[in-house]
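Colleague: Construct the entire structure; sequences and hints are all you get.
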Amino acid sequence: MSRIGKKPIPLPKGVSYTVEGNTVTVQGPKGKVTTHMPAGVKLEQKDGHIIAVRDDDSKAAIHGLVRALVNKSVEGVTKGWTKELDIVGIGYRAEMKGKGIVVFTLGFSHPIEYPLPTGIEVAIDPKQTHLTISGIDRQKVGFVAAEMRALRPPDPYKNKGVRYTHERLKKKVGKTGAK
1 MSRIGKKPIP LPKGVSYTVE GNTVTVQGPK GKVTTHMPAG VKLEQKDGHI IAVRDDDSKA
61 AIHGLVRALV NKSVEGVTKG WTKELDIVGI GYRAEMKGKG IVVFTLGFSH PIEYPLPTGI
121 EVAIDPKQTH LTISGIDRQK VGFVAAEMRA LRPPDPYKNK GVRYTHERLK KKVGKTGAK
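Residue numbers (the numbering used here): 1 to 179.
For the record, the hints were derived by calculation from the structure and aren't laboratory data.
Heads up, a few of these hints could be off.
[Unchecked claim] Straight-line distance between alpha carbons at most 25 Å, and here's what the computed BS3-like set of lysine-lysine pairs gives: (1) K7 / K46; (2) K97 / K83; (3) K32 / K79; (4) K127 / K97; (5) K6 / K59; (6) K83 / K72; (7) K72 / K6; (8) K6 / K42; (9) K175 / K158; (10) K140 / K158.
[Stated by the list, open to error] Derived CB-CB ranges, DEER-like: (11) L169 / G91: 15 to 25 Å; (12) A39 / G142: 18 to 28 Å; (13) K170 / G48: 41 to 51 Å; (14) T34 / V173: 41 to 51 Å; (15) D57 / P8: 18 to 28 Å; (16) P117 / T18: 15 to 25 Å; (17) P126 / Y164: 39 to 49 Å; (18) D57 / P126: 19 to 29 Å; (19) V103 / K79: 26 to 36 Å; (20) D57 / P117: 33 to 43 Å; (21) I90 / K170: 15 to 25 Å; (22) T176 / D57: 52 to 62 Å; (23) K171 / P126: 24 to 34 Å; (24) T132 / T18: 27 to 37 Å.
Just so it is clear, CB atoms sit at the ideal spot from N, CA and C, and this is done for glycine as well.
Modeller: Following this line, the structure appears as C-alpha cells:
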C-alpha cells in the first residue's frame, strides 16, 4: 500500500505537463523541468490534480517515487528550490567572477573556480560568507550545493569549512597536553 503514491498533486494555474514515453515535462511560470519516470505508473488529470496510477501491485515500490518526482517538478516550476551554504574560517570567502563562475578562497594555495551549470543561480551576501543556490530542478540544486560543500567539508576539530546553513556539527575534542 503506497500512501505517498495515492496523494493527488495539486496543479496550479499556469502549470502544464506532458508525458512522452518515460519522461515527464512540467512547464510553469519559472521554466520547464524534464524528469525521467520509471515504467509501470501512469499520470492522470482529474479536476485540477495529477494522480499517479500504477498498472498493478508489482509496481507498488515505485508508485510513491513517481508521485514524489512529479510533485517536486511542479513545485520547482512554481516556487523554485534553494539551498544555503555558510563559509566559516578566517580568510575563507566566495565571490562571483562574471555571470557563471563562483571563485572560492578556502585556505588552499590557489583559488578554486566553480563553473555553474545552466539553470542554477548563486547569490552571495556582501560579507562573502553566505551563498544561496537557487533553481527550478531540485536534484541539480542539491547536487551543486553538495559539490560546493565538498570543496572544503567542515573540519571536526575547528568546524572551519563550507557547510549547509542549518547543519548541526559535532565538534571533537583535540589532544590534551602532556602531564
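Colleague: Is 26 to 36 Å right for how far apart the beta carbons of V103 and K79 are?
Modeller: 29 Å, holds
Colleague: Given a hint of 18 to 28 Å, does the C-beta separation of D57 and P8 actually sit inside it?
Modeller: 20 Å, holds
Colleague: Given the proposed pairing of K127 with K97, does the C-alpha separation stay at or below 25 Å?
Modeller: This hinted pair holds, its Cα atoms lying about 16 Å apart.
Colleague: For P126 and Y164, compare the CB-CB distance with the range 39 to 49 Å and indicate the outcome.
Modeller: 21 Å, violated
Colleague: Does the structure keep K6 and K42 at a Cα separation of 25 Å or less?
Modeller: Judged against 25 Å, a Cα distance of about 12 Å means the pair holds.
Colleague: State, for the Cβ atoms of L169 and G91, whether the hinted interval 15 to 25 Å holds or is violated.
Modeller: 20 Å, holds
Colleague: Between the beta carbons of K171 and P126, is the distance compatible with 24 to 34 Å?
Modeller: 28 Å, holds
Colleague: Quick check on a hinted range of 18 to 28 Å for A39 and G142, using CB atoms only.
Modeller: Given range 18 to 28 Å: holds, Cβ gap about 25 Å.
Colleague: Do the alpha carbons of K72 and K6 lie within 25 Å of each other, as the hint requires?
Modeller: With a Cα-Cα distance of about 16 Å, the restraint between K72 and K6 holds, given a limit of 25 Å.
Colleague: Hey, K6 versus K59, does the alpha-carbon distance stay inside 25 Å?
Modeller: Holds, because 13 Å separates the two Cα atoms, which is no more than 25 Å.
Colleague: Holds or violated: K175 and K158, Cα atoms, limit 25 Å.
Modeller: Distance ~13 Å between K175 and K158 Cα, so the pair holds.
Colleague: Holds or violated: K83 and K72, Cα atoms, limit 25 Å.
Modeller: 15 Å, holds
Consistency note: the structure conflicts with the earlier hints numbered 10, 17 and 18.
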